[in-house]
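**Student:** What follows is each chain in one-letter form.
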Amino acid sequence: MDDRLVTAGLHEPGLAVHVEDLTVSYHSKPVLWDIDFDIPPGVMAAIVGPNGAGKSTLIKSILDLVRPTAGHVTIHGLPYRDQRRKVGYVPQRSSVDWDFPTTALDVVTMGLYGQLGWLRRPGRKDKDRARAALARVGMEDYADRQISQLSGGQQQRVFIARALVQEADVYFLDEPMAGVDATTERTIVKILHGLRDAGKTVIVVHHDLQTVRTYFDWLVMLNVRVIAQGPVAETYTAENLRRAYGGQIALLDSAATLTPVD
Amino acid sequence: MLDILSDFTLQNVMIGATLLGIISGVLGTFAVLRKQSLLGDTLSHAALPGICIGFLVAGTRSLPFILTGALLAGAAAALVVVFLTRTTRLKTDASLGIALSVFFALGIVLLTMIQNQGNAAQGGLDSFLFGQAAAILRSDLYVMGAITLTAVALVTGLWKEFKLISFDPSYARTLGLPVLALEVLLTTMIALAVVVGLQMVGVILMAAMIIAPAVAARQWTNKLGVMAALSALFGVVSGLVGSVISASATGLSTGPLIVLAASVIVVTSLVFAPETGLLPTALRVRRDKFSLKSRLVLGTIYRLAAEHGDPAYPAEQAMIDAFHRTDTSAVLSRLEQRGLVRSTAHHPEPTPHWVLTPKGLEQAQTPLDQSGETQ
Ligand SMILES: Nc1ncnc2c1ncn2[C@@H]1O[C@H](COP(=O)(O)OP(=O)(O)O)[C@@H](O)[C@H]1O
Ligand SMILES: [Mg+2]
Numbered sequence: 001m002d003d004r005l006v007t008a009g010l011h012e013p014g015l016a017v018h019v020e021d022l023t024v025s026y027h028s029k030p031v032l033w034d035i036d037f038d039i040p041p042g043v044m045a046a047i048v049g050p051n052g053a054g055k056s057t058l059i060k061s062i063l064d065l066v067r068p069t070a071g072h073v074t075i076h077g078l079p080y081r082d083q084r085r086k087v088g089y090v091p092q093r094s095s096v097d098w099d100f101p102t103t104a105l106d107v108v109t110m111g112l113y114g115q116l117g118w119l120r121r122p123g124r125k126d127k128d129r130a131r132a133a134l135a136r137v138g139m140e141d142y143a144d145r146q147i148s149q150l151s152g153g154q155q156q157r158v159f160i161a162r163a164l165v166q167e168a169d170v171y172f173l174d175e176p177m178a179g180v181d182a183t184t185e186r187t188i189v190k191i192l193h194g195l196r197d198a199g200k201t202v203i204v205v206h207h208d209l210q211t212v213r214t215y216f217d218w219l220v221m222l223n224v225r226v227i228a229q230g231p232v233a234e235t236y237t238a239e240n241l242r243r244a245y246g247g248q249i250a251l252l253d254s255a256a257t258l259t260p261v262d
Numbered sequence: 001m002l003d004i005l006s007d008f009t010l011q012n013v014m015i016g017a018t019l020l021g022i023i024s025g026v027l028g029t030f031a032v033l034r035k036q037s038l039l040g041d042t043l044s045h046a047a048l049p050g051i052c053i054g055f056l057v058a059g060t061r062s063l064p065f066i067l068t069g070a071l072l073a074g075a076a077a078a079l080v081v082v083f084l085t086r087t088t089r090l091k092t093d094a095s096l097g098i099a100l101s102v103f104f105a106l107g108i109v110l111l112t113m114i115q116n117q118g119n120a121a122q123g124g125l126d127s128f129l130f131g132q133a134a135a136i137l138r139s140d141l142y143v144m145g146a147i148t149l150t151a152v153a154l155v156t157g158l159w160k161e162f163k164l165i166s167f168d169p170s171y172a173r174t175l176g177l178p179v180l181a182l183e184v185l186l187t188t189m190i191a192l193a194v195v196v197g198l199q200m201v202g203v204i205l206m207a208a209m210i211i212a213p214a215v216a217a218r219q220w221t222n223k224l225g226v227m228a229a230l231s232a233l234f235g236v237v238s239g240l241v242g243s244v245i246s247a248s249a250t251g252l253s254t255g256p257l258i259v260l261a262a263s264v265i266v267v268t269s270l271v272f273a274p275e276t277g278l279l280p281t282a283l284r285v286r287r288d289k290f291s292l293k294s295r296l297v298l299g300t301i302y303r304l305a306a307e308h309g310d311p312a313y314p315a316e317q318a319m320i321d322a323f324h325r326t327d328t329s330a331v332l333s334r335l336e337q338r339g340l341v342r343s344t345a346h347h348p349e350p351t352p353h354w355v356l357t358p359k360g361l362e363q364a365q366t367p368l369d370q371s372g373e374t375q
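Order-wise, the sequence lines are chains A and B.
With this note's numbering applied, the first sequence covers 1 to 262.
With this note's numbering applied, the second sequence covers 1 to 375.
This is chain A alone, in the form it adopts within the complex (with noise of 0.2 Å):
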């Protein structure tokens, strides 16, 4: 078939996701200015950025939860709202309230609910692929816990087995690994490692500058603007760090040591 009819009506198709110009403001104060980004598809990328950055601000713009004041953004070279399916999204643990009466099980079940449609209720199969989806992530034993008694790396495998449930093709996820304990992040890091090995895009806020080298390969770096972007061997350098964190840190001289210099 020919190329060209294929990707007819389709805007950077080669990419997994395309930002182009894109601004947010809350309150008329822009807290994303001009941002273009790609993210080619199969790569493991991190987002990163010092705190208010805007990098929670930029998944949200792109998954249609923030309305930009301009710009535009394609998954896999359509609109996100024609590509909710194959999107996944694990929001950040604390934006939800954990006393909420319910269970794991029924947490990963959640993501199912798009694929349900309406008024049908999850039956056996669904409640199946939600329980495969938590021993993925190492919780098949706490499938009937209530989720305030989970730990909060567990429940933040609860959330990541409930995009997983989703069967996407590009997963955004926003700090999954603040505040769990090493285990959890082991565990976190294989999984991601494993969808992106399984040619899936995975885009992931990211605090903890000392792990980038080893679990990126992909690197976007944030402030208001988009600092630098690209493989992690050529992006993770000391001058970009200074000038997305503006050398407020005294680690991350520490961290862009880590840098070989070649």
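Among these hints, one or two may not hold up.
The list that follows gives simulated cross-link-like pairs (lysine-lysine, DSS-like), each with its CA atoms no further than 30 Å apart [claimed, not checked]:
{"id": "1", "chain 1": "A", "residue 1": "Lys-29", "chain 2": "B", "residue 2": "Lys-91"}
{"id": "2", "chain 1": "B", "residue 1": "Lys-160", "chain 2": "A", "residue 2": "Lys-125"}
{"id": "3", "chain 1": "B", "residue 1": "Lys-223", "chain 2": "A", "residue 2": "Lys-127"}
{"id": "4", "chain 1": "B", "residue 1": "Lys-223", "chain 2": "A", "residue 2": "Lys-125"}
Hints were generated in silico from the structure; no laboratory data involved.
Given the structure is predicted, the values throughout are model-derived calculations rather than measurements.
Based on these hints, arrange chain B with the ligands on the given structure of chain A.
**Tutor:** Relative to the frame of chain A, chain B with the ligands by itself:
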């Protein structure tokens, strides 16, 4: 008692109370979980100007006009809240508070205006402040029944959607759910519940009927479905108890009694519910403290024995007391009951002494985190 129950008016009141209990219990579950308790309060207070305007338009105390007015006023208040939160920096609770006060004040002004007109038909319009259950007619019950049935059907049909938008609305949007429309639907149904409750409990206390049963139900369960059912049950029970008490003791008005009954259920739940209740929690803390204390006392006897190189070393109670700076006899007799220590005489001293039993020795040697006694 049976005489009272066969009374026609009381039957009407009890049916009305049951319907009110169901609808406010079910919808209150979502209102409380979505931290929107104040929304119910605003919607019910905001109904007052609508009631007055409905009366003025109809020129008489016509229930359909009045209820429609109440509903529209609730909707207007909700719109004001949305407008305020979207266009100003006010947080939702502040906007709700403003809408509540402004609408209620407007309602009171209209009410006094109508009353000063001396219109013969205005009789009893102020009964909507605290409700007047005895004025309920059979035909009113059909309206209340239809509204309640619709609400229950909607919540059943859209159960998983309402659950998800209550737990994680952003995520719900990424799945393609029309979150805003569902939220508007829930809010509209709460406004309808207020309309159902107007005649029973009035605009001032109606919010309590939405909040109280749900808060009580939350104490007893960790399942959303059970919570909604229990909340409806609590709502019905308060409604029935309030109606019956009011019918047996003349002069006491039904609405406030219903709300009082609901409050008793809330307080009882807050005190006695097994997981979250004050009393069970206090008992658990006491038990944990006690078991920690007995661990420590056992450890003291063990260390004394170890220092003397004699597993059967009789430790004098005064020494144990002195070490722990408190009277340990209660703890020691507990340990004795469980066969961990044994009291013994140690001549020539007349004071009580304690020895570890083999079981106690074993337990004292087990590290704390494996003993299964803590937690
Ligand atoms: N709902 C909101 N209303 C107003 N300002 C907001 C809102 N959400 C975020 N902000 C502001 O936007 C900026 C970016 O926030 P965020 O995207 O959460 O940053 P990050 O995730 O990088 O820490 C911050 O200055 C924050 O205070
Ligand atoms: Mg953030």
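**Student:** Each hint: holds or not?
**Tutor:** Verification of the hints:
1. Distance check on the hinted pair: Lys-29/A and Lys-91/B sit about 18 Å apart at the alpha-carbon level, within 30 Å; holds.
2. Distance restraint check for Lys-160/B and Lys-125/A: the Cα-Cα separation of roughly 16 Å lies within the 30 Å cut-off, and the hinted pair is therefore satisfied.
3. Between the alpha carbons of Lys-223/B and Lys-127/A the distance comes to roughly 17 Å, so the proposed pair stays at or under 30 Å and holds.
4. About 21 Å separates the Cα atoms of Lys-223/B and Lys-125/A, which keeps this hinted pair within 30 Å; it holds.
Against the hints set out earlier in the document, no violation occurs for any number.
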